[in-house]
Amino acid sequence: MVDKRKLGEAYEKIGIITDSTACLNFVDFHHESVRVIDFVVVIDGVPHKISTLDSKEFYKDMDDCSALPTTAIASVQDVLDIFNDFKRFGYTDIIVMTVSSKLSGSLNNITCAAQDVEDMNIHVIDSLTTAFILGDVVIEASKLIDEGQDIDKILTEIQRMYDNDNILIYVDTLKNLVKGGRMSGAIGMVGEVFKIKPILELGHDGTVKPIAKNRTAKKSIKAIKEMYLQATEGKEHKLYLFYTDNKEEILKLEEELLSNNSSAVDSSITGLSPVVSTHTGAGAFGIGWRFK
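Counting from 3, one number per residue, gives the positions in the sequence shown under this note's numbering.
Source of the hints: derived by calculation from the structure; they are not laboratory data. Any given hint could be a false lead.
In silico EDC-like links for lysine to aspartate or glutamate, alpha-carbon gap of 16 angstroms or less [claimed, not checked]: (1) K240 x E257; (2) K220 x E251; (3) K89 x E34; (4) K104 x E228.
Simulated restraints on C-beta separations [to be verified]: (5) K224 x D121: 48 to 58 angstroms; (6) K89 x D207: 31 to 41 angstroms; (7) E34 x K62: 31 to 41 angstroms; (8) K254 x H125: 38 to 48 angstroms; (9) F31 x T218: 32 to 42 angstroms.
Think of the CB as a built atom: it goes at the ideal place given N, C-alpha and C, for glycine as much as any other residue.
Given the sequences, and given the hints that come with them, work out the whole structure.
This is the structure:
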């Protein structure tokens with residue numbers, strides 16, 4: 003690619019770094035100026051790279067393990083090596099978009115590595131989100147690079163996209179929320195007995211929190227669909243659907259939602275990021291949207 007950002011003596015060559023929670027492995031996307039930091043999920047002491055996880059095995063192993071899987075992030079040196087690779091190829095600016103700092107400690111290591119880089123501008127962005135909502139911002143930003151947009155324009159557009167993102171998550175079982183300490187064992191046991199199916203929101207502050215609880219899956223699934231339809235009625239947006247071990251069901255859900263919402267101008271279906279699905283467990287799914 004020939005870089006187009008030349009204004010007088012000024013010159014910009016812009017690269018992007020993201021992480022594997024962006025789920026770019028679910029889509030056919032490759033760009034010479036985009037690098038992905040691969041996280042590792044550790045299940046009962048066994049490491050698995052997120053980009054190569056077998057979904058069925060992951061959810062089976064997670065269900066069987068006594069404690070929640072943990073995420074091993076890239077070291078400061080690993081990140082520094084990526085920065086230096088970009089530097090060797092003449093990049094002047096690197097945009098780093100990582101999973102929400104409330105879900106992972108990755109941002110800290112990236113910030114530390116950035117402090118050791120000279121003669122290259124590092125723009126570290128806490129996305130406050132994850133999954134393909136993050137990944138799609140990376141793709142859109144890479145298009146702006148190809149168009150020859152300058153760094154300020156790209157950063158402004160990235161922030162606009164994040165400000166317009168929303169994610170709701172349906173949870174089919176409370177087991178993982180209890181394992182992860184996000185719900186007490188007593189409440190979790192009562193919830194399982196009464197078949198409580200919570201709806202979580204990944205808020206604009208980057209945290210995951212329950213916003214509704216219903217008895218039975220049917221009521222919760224109906225509620226999350228209604229929340230999406232009410233929030234987006236009459237507003238142009240892109241629809242995002244995220245599956246765990248239930249891809250076929252989510253394909254049907256996409257068809258249903260699109261048939262009931264003419265304001266959805268585009269849609270995508272990808273897996274739910276493991277940093278979220280370790281807490282939601284199998285059977286969960288997410289509905290996200292970004293206003294235009």
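Comparing the hints with the structure gives:
1. A distance of roughly 14 angstroms separates the Cα atoms of K240 and E257; the hinted pair therefore holds under the 16 angstroms criterion.
2. Note on K220 and E251: the hinted pairing holds, with a Cα-Cα distance of about 13 angstroms set against a maximum of 16 angstroms.
3. For the given pair, K89 sits about 14 angstroms from E34 by alpha-carbon distance, which is consistent with the 16 angstroms threshold.
4. With a C-alpha separation of about 27 angstroms, the suggested pairing of K104 with E228 is violated against the 16 angstroms cut-off.
5. At about 56 angstroms, the beta-carbon gap between K224 and D121 stays in the expected band of 48 to 58 angstroms.
6. As the Cβ distance of K89 to D207 is approximately 33 angstroms, the hint placing it in 31 to 41 angstroms holds.
7. Range check, E34 to K62: Cβ separation about 37 angstroms, and the 31 to 41 angstroms hint holds.
8. Judged by the Cβ atoms, the range 38 to 48 angstroms given for K254 and H125 holds: they are separated by roughly 40 angstroms.
9. Take F31 and T218: their Cβ atoms lie about 38 angstroms apart, and the range 32 to 42 angstroms holds.
Against the hints set out earlier in the document, a violation occurs for number 4 only.
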